[in-house]
Each structure stands twice: as C-alpha cells, then as structure tokens.
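**Q** Each chain, written out:
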Amino acid sequence: MLAYILRRLLQSVVVMMVVALVSFSLFRFVGDPVSTMLGQEATVADREALRERLGLNDPFVVQFADFVTRAVQGDFGISYRLQQPVTDLILSRLPATLELAAISGIFAFVLGLGLGVYTALKRRGWLSNAIMTASLIGVSLPTFLIGVLLIWIFAVELQWLPSFGRGEVVDLGWWRTGLLTPSGRASLVLPAVTLGLYQMTLIMRLVRAEMLEVLRADYIKFARARGLSDRAVNFGHALKNTLVPVITITGLQLGSIIAFAIITETVFQWPGVGALFINSVQFVDVPVMAAYLVLIALVFVVINLIVDLLYYVVDPRLRADRGAAGH
Amino acid sequence: MAEPLLSVRDLVVEFPTRRGTLRAIDRISFDIREGEVLGMVGESGAGKSITGNAIIGLIEPPGRIAGGEILLKGTRIDDLPPEKMRRIRGRRIGMVFQDPLTSLNPLYTVAEQIIETIRTHLGVSEREARERAVALLDRVGIPAARRRIDDYPHHFSGGMRQRVVIALALCAEPELVIADEPTTALDVSVQAQIIDVLKEICAERGAAVMLITHDMGVIAETADRVAVLYAGRMAEIGPVRDVVQDAEHPYTRGLMGSIPTLTHAHDRLTQIPGAMPRLDNIPQGCAFNPRCPEAFDRCRVERPDPIGRGGGRRVACWLYDRAGVKEAGNG
Numbered sequence: 002m003l004a005y006i007l008r009r010l011l012q013s014v015v016v017m018m019v020v021a022l023v024s025f026s027l028f029r030f031v032g033d034p035v036s037t038m039l040g041q042e043a044t045v046a047d048r049e050a051l052r053e054r055l056g057l058n059d060p061f062v063v064q065f066a067d068f069v070t071r072a073v074q075g076d077f078g079i080s081y082r083l084q085q086p087v088t089d090l091i092l093s094r095l096p097a098t099l100e101l102a103a104i105s106g107i108f109a110f111v112l113g114l115g116l117g118v119y120t121a122l123k124r125r126g127w128l129s130n131a132i133m134t135a136s137l138i139g140v141s142l143p144t145f146l147i148g149v150l151l152i153w154i155f156a157v158e159l160q161w162l163p164s165f166g167r168g169e170v171v172d173l174g175w176w177r178t179g180l181l182t183p184s185g186r187a188s189l190v191l192p193a194v195t196l197g198l199y200q201m202t203l204i205m206r207l208v209r210a211e212m213l214e215v216l217r218a219d220y221i222k223f224a225r226a227r228g229l230s231d232r233a234v235n236f237g238h239a240l241k242n243t244l245v246p247v248i249t250i251t252g253l254q255l256g257s258i259i260a261f262a263i264i265t266e267t268v269f270q271w272p273g274v275g276a277l278f279i280n281s282v283q284f285v286d287v288p289v290m291a292a293y294l295v296l297i298a299l300v301f302v303v304i305n306l307i308v309d310l311l312y313y314v315v316d317p318r319l320r321a322d323r324g325a326a327g328h
Numbered sequence: 006m007a008e009p010l011l012s013v014r015d016l017v018v019e020f021p022t023r024r025g026t027l028r029a030i031d032r033i034s035f036d037i038r039e040g041e042v043l044g045m046v047g048e049s050g051a052g053k054s055i056t057g058n059a060i061i062g063l064i065e066p067p068g069r070i071a072g073g074e075i076l077l078k079g080t081r082i083d084d085l086p087p088e089k090m091r092r093i094r095g096r097r098i099g100m101v102f103q104d105p106l107t108s109l110n111p112l113y114t115v116a117e118q119i120i121e122t123i124r125t126h127l128g129v130s131e132r133e134a135r136e137r138a139v140a141l142l143d144r145v146g147i148p149a150a151r152r153r154i155d156d157y158p159h160h161f162s163g164g165m166r167q168r169v170v171i172a173l174a175l176c177a178e179p180e181l182v183i184a185d186e187p188t189t190a191l192d193v194s195v196q197a198q199i200i201d202v203l204k205e206i207c208a209e210r211g212a213a214v215m216l217i218t219h220d221m222g223v224i225a226e227t228a229d230r231v232a233v234l235y236a237g238r239m240a241e242i243g244p245v246r247d248v249v250q251d252a253e254h255p256y257t258r259g260l261m262g263s264i265p266t267l268t269h270a271h272d273r274l275t276q277i278p279g280a281m282p283r284l285d286n287i288p289q290g291c292a293f294n295p296r297c298p299e300a301f302d303r304c305r306v307e308r309p310d311p312i313g314r315g316g317g318r319r320v321a322c323w324l325y326d327r328a329g330v331k332e333a334g335n336g
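Chains as they are written, first to last, in the working numbering: chain S, 2 to 328; chain X, 6 to 336.
Rather than coming from a laboratory, the hints here were simulated on the basis of the structure. Here the structure is a predicted model, which means the values were calculated and not measured. The beta carbon of each residue, even a glycine, is placed where N, CA and C say it ideally should be.
Facing chain X, from chain S, some residues (calculated, C-beta under 8 Å): (1) ALA218; (2) ASP219; (3) LYS222; (4) PHE223; (5) ARG225; (6) ALA226; (7) ARG227; (8) GLY228; (9) LEU229; (10) SER230; (11) ALA233; (12) HIS238; (13) LYS241; (14) PRO317; (15) ARG318.
Could you put together the complete structure from these sequences and hints?
**A** Right under this line is the structure:
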C-alpha cells in the first residue's frame, strides 16, 4: 500500500514536470508581453531593458529551470499586468473559485446520484423518461448559454437572484468566504447551477447506466432470491457496486469543474482564478497564465490520487492484504 | 399420500416479444414432497431455470406467469403481493445459482452477506447470527470457518464460493432449496463434492431439493425422482431408478442413450437427430414429434398430456394411451 502511494506520488511529480514544461514553453509563443506592457511609444532601448529585467533573453533551458525552481518554492514571479506576486494574486482569488466549485460539485454529485438511481429503479416511469429527456438539454447546451438563460430567467425576469459578483464576503483572515452572508449565498446559486448542470447530467446518466448494469448482475438476483428487502438490494448491494466506477468519473469531473469555472466566472463576473486567467490572456500576462495551468494540473493530479485511494476503501478486491483467489 | 411440500399445477410462463408471445413453460405440473430430491433435466432452453424462477417469483419482466398455480404446503404463492413473496424467498425456499463466481456481492464479506440474510428472516441478534453463520460454513466444508468468515468472496476459490452460496441459501432454514445447475461452472473434480454437500446438508435439515441440471449422471446419483422437460413441456416424470433404467418417453430414451457408461461397450453414443425447436416454432401436436423415431399421425396433430403409468410415473406420449387413437386406428 505504501509502495503504491509512493509510486503514484512519483508519477504525479513527472506529470507536473511535463505540464510545467508545456505551459512554460507554450506561453513563449502567445505574444510578446513586452510590447503589451510598454505600449506603442516605447523605445527599442526601453524594450531591451525590460527584456533583460524579466530574464527573457536567457536561454530557454535556463529560464525553465529558473521557473521550476521558483515554482516549487511557491514563487511564480510577478504579474506583468498587475505588478503583484502571482502567488498572492492566485491565493486571493482561489477561495472564490473553490467555493463555487465545491458547491456546484456537491450539487452535481448529490442530484446526479439521486436522479440516476431514481431513473434506474423506475426505468419505465414517465417521470424517469422526462428526466432523461431533460438531461439531454444539460448535456448538449453550452455552459455560457445556460448561464445567460439562467440570468435572464432568475435575475432579469423573476429578479430572485443576483446576476453577477460574489455578494457580501466575510474575511476570515486567510480566506474570504461568501457562504456566511445571505447575499453571498444568493450570489452563489446561479453560477453553481450553471457550472454544475453539465456535470450533474453526466453523473446522472453514468449512475443510471451503471446501476442498470449492476441490477442485472447475478449477485443482485441472488440477493433477491434470498428475500432481502428491495431497499437492502437496491441501496445496500446495487448502489455500492455502482459507486466504484462513478467515483472515478466524479473525481475527474471535480477537476473539470475547477477548470471550466473560467467560462462561468466570465459570464457571472465571478472574482475567481478563472476570471483572473481570462484577463491575463488578454494582456499576455505569462507568469499568471503559467501558474494557472500548473495549478489546474496540480488539482487534477491530487484528485486522481485521492480517487485511486478511495478505490481501495470501496473495493476490497484491490486491497492486497491477503493472497488473491486461491485456497 | 400426505400433502406435497410444493405443488405446481398447469404452470404457464409467457414472454411477450415484438413478434408475438413466447410460451417458455407450457402447462407443467409436478409435486415435490417433503425432504425429497427432485431432479429436473432438459436441454438448454427447455424451461428448467424458468420453472425455478417462477416458483420463487423472480421471472424477469416482461415475462410473467400466465396460467396455473404454485402451492407451497397447500397455499398459493404465485399470486402473493411482492412483500409477502419476499418473505418466502430465502426463508422457505432457498436458491442456489449456477455461477458461484458471480453470485456473491464482491464488496461485502461472506460474514456480512450471511448475517444480513439470517437477520432479514430470523429475529436473532448480530452475535447469534454470526455464530450460526460460522457453524453453517463449517458444515458446508469451509476450513477454518471462524477465521475465513470475514474474508471477501474473491479470497475463495470457485468450489469454496459455491459452498458459501449453499450456506447462504440454507441460512434461514428453508423447506425447499432450488439448485439451478449448481455445478455447471465448477471443475469436474469439485462437482461431486458440491452435490454431496448439498444433498447431505438438506437431508440433515429435512429440506427438499429441486435440482436443475442437464447432467443425467448427477440426477441418477442424487435425485429421488426426475422430471424431464422438453420445449417447455413435461415429457416424463417418475422415480429416478425407473426412468433411468426403463425410460418410456422416446425423448428420455434418447437422453439416456446419449450418456456414456463404463459397463456397456458402445461403438458410438447414440444421439437424437435434430435440435429442440425454438419457442416461436413449436410444432403442432407433440413438441418432440419431428425428432421422434416412433411418431405416428396422432403425434403430429394432438398434443399429449402426461398419462399416469402407475408407480408414480407419468409420460406425455401417445404410445401409452391405451384407449387412444393408436389402437382405434389399428383396430
């Protein structure tokens, strides 16, 4: 088990290095930050001086080594645009994104699981059919359109919920949360639904498909033949087996939620890292973009690791505590 | 004669399909007496498993019991509400399925699965259920049962898992165990052991067994009586010794002729020409008539019902209809 974790950690380090390399080299080609920073009127000498100061004249390998060494220490340099340390910028924006992602993740998982189980158990019911049809909309409509539609219905027409921003936030010193104020919570609803809807329908369809598969399994038939109650069969036996593959996808979806938050944050002017990234792209703010990509990669890697460990908890067949089949 | 434990009367099971309704079981009747072993043989698709599933009320929809009745100690059980039927499953009728590798839930220990079943049906404490589970596993031949009980199914071999399945089927002390091809998925070397365990433990507890198999050899050694199914119909039923040694239905004779024996020298095993008809294409009259070496006109027109032959035997064949058309036609 320990060897397994160490092996996975090592793999994660390799993945992170590759991502760092890709994001670092990629942004060398997106445009010249110097001209954006200094504007049209700057002299050639000014440009050269800035180039030198930013280390842009060093060989690629030196620049990359420098980038990695400092990144490991949590230093992603200074934002070209805002002239603040990138790490501070991201940390100040991260709570907003994480709260949004967490709420929409919970929304997607709880509702997706519930509806998936319901539509699997009541396969022929009219409500199931209605839910399945409606879920097609969630899968096929692009996120920004859903966001705009929700704003139109709930913010403009009904005026129930705010259409942008985070509302009132409370500063906990290291974390600024919107969860403690009514306006903060109200502001979360629309972005969270927008961000989670696609994931919710995906999880729901996955749960339904897996559950239908499991319900056909011999051990479910045998559980029924032993006279166990429907409740025990459906939730004790079938659902637990359904969860094994669902956990993987859901875990990876959590990563996508954070990554896709870019669009939702843009639509709702949500002051998170996604919005920060989009603004940085416009200004070719390379340090912020690189740091953002590395951060997203880190999120995926960590989630993957957690998912693999969860497998161990859920599925006893993976625990190598005793010899495999035999005796 | 005392009231039979289980009585199946004119059972009809139908599966609606797009191309019409298929009759998987067509008016089958038989009894199982208390403590006896009834073998049920037939080719794949003859309706053996569906009969078993019909008895415990677990026919896969859209299939349904379309006629007849099933009585357990004189009480109808085929029309019970689901909750009442659930209390019969496991508690009064246990079931053993074909494949022990897939019959157990991989995510629960053996102890959890047995204790859950015991406590569903018998009002005993967790500790009491656990003690019973250990004793039962010990009885079905799991070595070091007390230590192994907390293992997961994947820690056991196929034969051991089938012993666990048998323990599960018997843990709520049912009066009848339906064993649906319990050894088909196992190595030949452990098949006999599993059958022995099943037979012994049921005999000890006075539970009757309905043993579904296509292995006539297993039936001959294990069963008290045997029922032969063909295309969803009962061909012949009777004491196993009589049926094996002196089969009356031409189909049963064909089946017996296809079993290799050590005592007689055969050049070739006999085989029955043709194949069992598909359910959507059952011939008029006797379902076996196109393959039957002794078929005559009446067989192609009129369906034979089982005819009592004395000694508890019944045969669905016009050859034995004394008052029938055969004599009339000849005379």
